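Peer 1: So the protein lines, in turn, are chains L and V.
Residue numbers for the first sequence, in my numbering: 1 to 766.
Residue numbers for the second sequence, in my numbering: 1 to 156.
Source of the hints: derived by calculation from the structure; they are not laboratory data.
It should be emphasised that the depicted structure is a prediction, and the values quoted were computed from it without experimental measurement.
Think of the CB as a built atom: it goes at the ideal place given N, C-alpha and C, for glycine as much as any other residue.
Incorrect hints may have been included.
Here are a few chain L residues that face chain V, going by a calculated C-beta distance under 7 Å [stated by the list, open to error]:
hint, residue
1, Lys-20
2, Gly-240
3, Phe-434
4, Leu-436
5, Gln-662
6, Ile-693
7, Ser-697
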Amino acid sequence: MTTYASPIGSSLKRVDGPGKISGLEKYAADYYPDNFLWAGAKRSDHPHALIKEIDISPVRNLPGIFAVLTHEDIKGANRVGVPEMDQPVLADRKVRYKGDPVVLVLAENKTVLQEAIDKIVIKYEPLPAVFDPEAALAENAPLLHENRNDKNLLLGGRVVRGNSIAAMSECDAVAEADFQLPWQEHAYLETEAGVARVDEEGILAIIASTQTPWRDRNELAYALGWPLDKIRVIAPYLGGGFGGKDGITVQGLLGLAALHSGGRPVKMWNSREESFLSSTKRHPGRVHYELGCKKDGTLYAMNCRIVLDTGAYASLGGPVLALAMEHAAGVYRIPHALIEGFSVYTNNPVGGAFRGFGAPQVLAGLEQMMDILADKIAWDPLAFRLKNAVMRGDETGAGVWMSNSTAIIPCLEKLQEHPLWTSRQAWVSQAPPFKLRGVGIAAGLQGTGYGPMVADIANAKIELLPDGRFRIYSGVADMGQGNNPTNVQIAAEVLGQTADCFELIQPDTLQTLPSGSSAASRTTYSYGNALKAAALQLKERILTRACNMGMGLYAEDFLLSSGRLNHLPSGREIPLGLVAASMRPEERVSIYSYTAPVNRYPDKINPDIRAAGFPHRVFAFACHLARVQIDELTGEVEISDYLAATDAGKVLNPQLYEQQVQGGAVQGMGYALWEDFKLDRGELMTRNLATYILPTSMDVPDILSIAVESVEESGPFGMKGIGEIVINLALPAIANGIARAVGQHIFKSPLTAEQLLLILEKRAAE
Amino acid sequence: MKIAFELNGIKQEIDYLPDRRVVDLLREELGYTGTKEACGSGECGACTILVDGVSKLSCLMLAAQLQGRSITTIEGMSPGKKLHPIQQAFVDKGAVQCGFCSPGMLMATVDLLQRNPAPDRQQIRAALSGNLCRCTGYQKIIDAVESAAAEMRDKL
Ligand code: FES
Ligand code: FES
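Sequences are here, hints too, so could you generate the full structure?
Peer 2: Structure representation (structure tokens):
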């Protein structure tokens, strides 16, 4: 008898590992179909201008050029985006940022493609441009999208609880500060890529590096005017995503190219520079906080104003704002609060989804405020957080109910008893010459799923194959987080199989079922719930069939194990293939549709913000600690130690869990210290990885991870999403550590060595 | 122009424009897409291959430079069915997430362990500092290299 595999909770090795490390796994960028054409875009070099004339005559007859397309070649609405469809596949009347695609070229090779792109002449009539979101809100600001009632305001709203203005004056201590948060570039290693082709039956098939195959399909049908049922989108493993492939990147251009390539396959693969230019970024923002407490340490009032620069097009700038507002009071009870939010169009590159989705910006501010205020009342910053942290059943200052598992207090307690915290004073006082040391902490949360108004649905499908093995049809793209390998783990648990009894089909609109985006910390939570139920259903069907076949009397007498059924009373073993052979193909397939629960309590916010995703029901929590050491001579910051205590529910796979904690923390360290995406009047100044600095292996420490395992009753096996909470706290924890070392807070991030040097020089002069 | 070289132990003689980059030759011409490209300008290490056993960035090499050389790509790392101990360690230690940096990381690791069979964590970090990874935070990659080095030393 085979041993029963119980993979939940074990570090089952990722089934995608061997393919990836042998170079055999095919990413979207790895497809070079026979006889393919390269496609590439000529992009706007004006931030805001009317298109007067597009002269393609210099390249029409260039040898090696197959086609040159403009918006006039687009049959459909020529608009993509969700929820707001405002972004042209190819600019028509005007361009709205430096990088807007205007002409699409199809060529035999990359050299002539580039030559053609350079030679095409576009005549523009420049328009006044606006690069600052506050300026874009002014009465007479140039309009990005002329016909909007709200002008340049994409989304605005407020949350009001109690009377924060009056309450602020009743506080014993009040702190106020204005934070400036930068753009952050996703910088996934696989830049936007894909291939597309229209076959003899008119099916437009696109293989793309995308987090959203189903949404892409809908958007493409609308934008390109091609029937939905004739569009197929396939999402192989992505070479990273982090939110930057949450929606159309090259798919619109690729689809358009394939519709004009005479049936030849087309390929696009953005260069790093083009990726930086054209992809979405984390929204830069200004966050103003006023936070007040009583002298007994109770938080009492908060005012918060959030302004996000969403750039030229909406992308997910509305939902990102809604989540920023939802997370603006962090993990704290605050009876009086006013949160105002504005997501604003400008002539900058497009702001969109990025791991954390609005939460990193506000938590960066709030968690520094918590330290500033704690200092004002001479409280220990950790005790101050513990005093105000929510428990299950509480409401946060933003009016969000903690209706599900809530283990922020245990996370804080883990930190409180940890040597990295308890021995901090000794560590700080032992700083070597010319070094300053500080220890900072930060706490926060992250919602799982889509919020109240957009149904978070996953449709799982699993099949018993004729040979007794199983096939999982993954519904949600895997950008590296490992949700699809985790699907194997979940199904293996339910069906009593080992991992090698499964094969995985990656998301494909033809074969797998719509299950939403790979986003919002929902991939394993939502699809896992659906898959668990589908697998259970299949298991029951198998056992019932075995009884029907006279192999035993009662279903409970059977044990399902790797590739076989064991009939316990008789000790007989029945190969699963035998049971499979007695089932019709449709019986061997099990599907299950899962809809995630939402909180529908009466909201205190306007309907637009609610529609954009406020509030969530299930939250992950964390607190992070950073020990930093600053070089007094260079201003450089070294992160000496880093600790993350995380409540993301039960841990399904410790190794994958740690992957998220470590990778997210390091991406957050980049956001905190080095990643300085620079624009000058809409012109990209950091065009490559030499000027936009990502953390390398030399820059970051090993990260200590403590899992605080609450049991989330709504999650599969008690889990909840971990993908985003991990990035939210590096910036404030590091900033608080730096502030303790140098004696003052820096309100503009990233916290560069240049900024620190200025402070240190000023200190020395005093 | 004809270029003759050895690729993963197999002799190749191909007609190719001498000024095309090696990464294009491998990926587009020969179908060895295990070698990745993520910057095209020597900043990320995703395109790392071994040329006469030494790690090189294939996005910065021209095809003509391959003449008479022996090169190894990720596809040639474990000629048999069994994974190379470094590959195995990457899988076992969880060093792979999206995996797009992995081929380059593995090639750089081969080079490192040839030069230094017993590197400490700091030396590993230094040796891999030219290879960017956006997913892992590097920790499990360092774990994997450490464990592979130990395993390979045991076998000596
Ligand atoms: S692609 Fe060669 S170093 Fe980045
Ligand atoms: S695993 Fe994704 S870049 Fe390294």
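Peer 1: Please go over all the hints and tell whether each is borne out by the structure.
Peer 2: Against the structure, the hints:
1. Lys-20: The hint holds - L/Lys-20 has a Cβ within 7 Å of chain V, the shortest such distance being about 3 Å.
2. Gly-240: holds, 4 Å
3. Phe-434: It is violated, given that the least Cβ distance between L/Phe-434 and chain V is near 21 Å, above 7 Å.
4. Leu-436: At 23 Å from the nearest chain V Cβ, L/Leu-436 fails the 7 Å test, so the hint is violated.
5. Gln-662: holds, 4 Å
6. Ile-693: violated, 10 Å
7. Ser-697: holds, 4 Å
In the structure shown, a violation is registered for the earlier hints numbered 3, 4 and 6, in ascending order.
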